[in-house]
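The listed protein sequences correspond, in order, to chains A and B. Residues in the first sequence are numbered consecutively from 49, following my numbering. Residues in the second sequence are numbered consecutively from 49, following my numbering.
Hints may contain errors.
Since copy identity is lost for identical chains, a pair holds within one copy or between any two.
To be verified - Distance condition first, Cα-Cα at most 25 Å in a straight line; then the derived DSS-like pairs of lysine-lysine:
hint, residue 1, residue 2
1, K147, K184
2, K147, K183
3, K72, K90
4, K72, K188
5, K72, K147
6, K118, K147
7, K90, K183
8, K90, K184
These aren't lab readings, by the way, just hints derived from the structure by calculation.
Protein chains: 2
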Amino acid sequence: MRTLPEPVQRLVDAFSRLPGIGPKTASRLTFYLLRAPEELSKNLSEALIGIKQDTGLCEICFNITNKDTKICEICASEQRDRSTLCIVEEPLDVLAIEKTAGYNGLYHVLHGVLSPIEGIGPEDLKIKELYERLKKNDFKEIILATNPSMEGDATAMYLHERLSGLDLRITRLALGLPVGGDLEYADQNTLLRALAGRQNLD
Amino acid sequence: MRTLPEPVQRLVDAFSRLPGIGPKTASRLTFYLLRAPEELSKNLSEALIGIKQDTGLCEICFNITNKDTKICEICASEQRDRSTLCIVEEPLDVLAIEKTAGYNGLYHVLHGVLSPIEGIGPEDLKIKELYERLKKNDFKEIILATNPSMEGDATAMYLHERLSGLDLRITRLALGLPVGGDLEYADQNTLLRALAGRQNLD
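So here's chain A without its partners, still in its complex pose:
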């Protein structure tokens, strides 16, 4: 079998290193770009450089922000409710919650979860920064919005214990059936949590 020309193989390899992109998709993308106008690959190339050069973390909440503005739009906004803090694992989670348009408080991005197996402890996350933030500000409610996974739950439990001494309402996102989901196809744990969390109809 003949191999691909080196520049083509190189792009296939570079695409293959991205999550969810296998060798087949990588060659499909590569050959698409070979045929497409040069502007398309040039744009993508420049955006890839920009993503590292022009972005940084917000000094308050550690969400992704423009490098030249040290504080993100949400932390800087005067329209946000400064008494509620939502703690999430990753910047993408902020985006997901913002898209619901159902939350108007502030965020704190941990940049990971506790994971003893992978050797990730509290000092590897933005937890020290969280304590400092809680000391300086007057929050009324903390929403622990880590993922409903083993690590996410453990991280929420850890934070709950540490923060329970403070005069704060501490909440966790509800677990239950997804909207539009099918009871029949729900996994056992989800159904169990949906039962346990059942609510009164008034």
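For chain A, the structure is supplied; the task is to place chain B on it using the hints.
Showing chain B alone in chain A's frame:
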């Protein structure tokens, strides 16, 4: 809803313009790269530039090749059978056939198919170059390996008519059940072609 910082949004948009990558995958890839070592996005960025700068088309078969070698490895190889020519739509098809390791002849890449609806006629494909190649060389067999789609079939028919005057064996790839496939789930047309193309067992 807050928007993403400009450099982040730009990369999401650039990824979204690739085929098969929707807005969700685009943000997942972007946020992955934000967290990943800079080397990953730098590599991809450079490979994207290289794909246009360092590649060209082989002057003989029009497959993708290194810009500095004007003739591709397959056309230059002395191990290949120079009496058989396989005509394909795209460079990716060459790769697919090479992977089978079941073909040792030469290729000719049309760079598309005839498509009256999209206004693509014979002059938009490498068909004139194919005629010239057939004049200059002494092929014994032409394999029409365009896709078994409406356009691919029409292109094969067109070429068959044009080439039938020449002293050449003209063949088309077999149609039938895919290996490992299930007769029960095969579509009607495939099954019809598998029946029509049935072969003697000796």
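So, going through the hints one by one against the coordinates:
{"no.": "1", "hint": "K147 to K184", "in the structure": "neither (28 Å within a copy, 63 Å between copies)"}
{"no.": "2", "hint": "K147 to K183", "in the structure": "neither (29 Å within a copy, 63 Å between copies)"}
{"no.": "3", "hint": "K72 to K90", "in the structure": "both (22 Å within a copy, 22 Å between copies)"}
{"no.": "4", "hint": "K72 to K188", "in the structure": "neither (51 Å within a copy, 33 Å between copies)"}
{"no.": "5", "hint": "K72 to K147", "in the structure": "between (32 Å within a copy, 12 Å between copies)"}
{"no.": "6", "hint": "K118 to K147", "in the structure": "within (23 Å within a copy, 51 Å between copies)"}
{"no.": "7", "hint": "K90 to K183", "in the structure": "neither (47 Å within a copy, 40 Å between copies)"}
{"no.": "8", "hint": "K90 to K184", "in the structure": "neither (45 Å within a copy, 39 Å between copies)"}
This entry does not satisfy hints 1, 2, 4, 7 and 8, going by the numbered hints stated previously.
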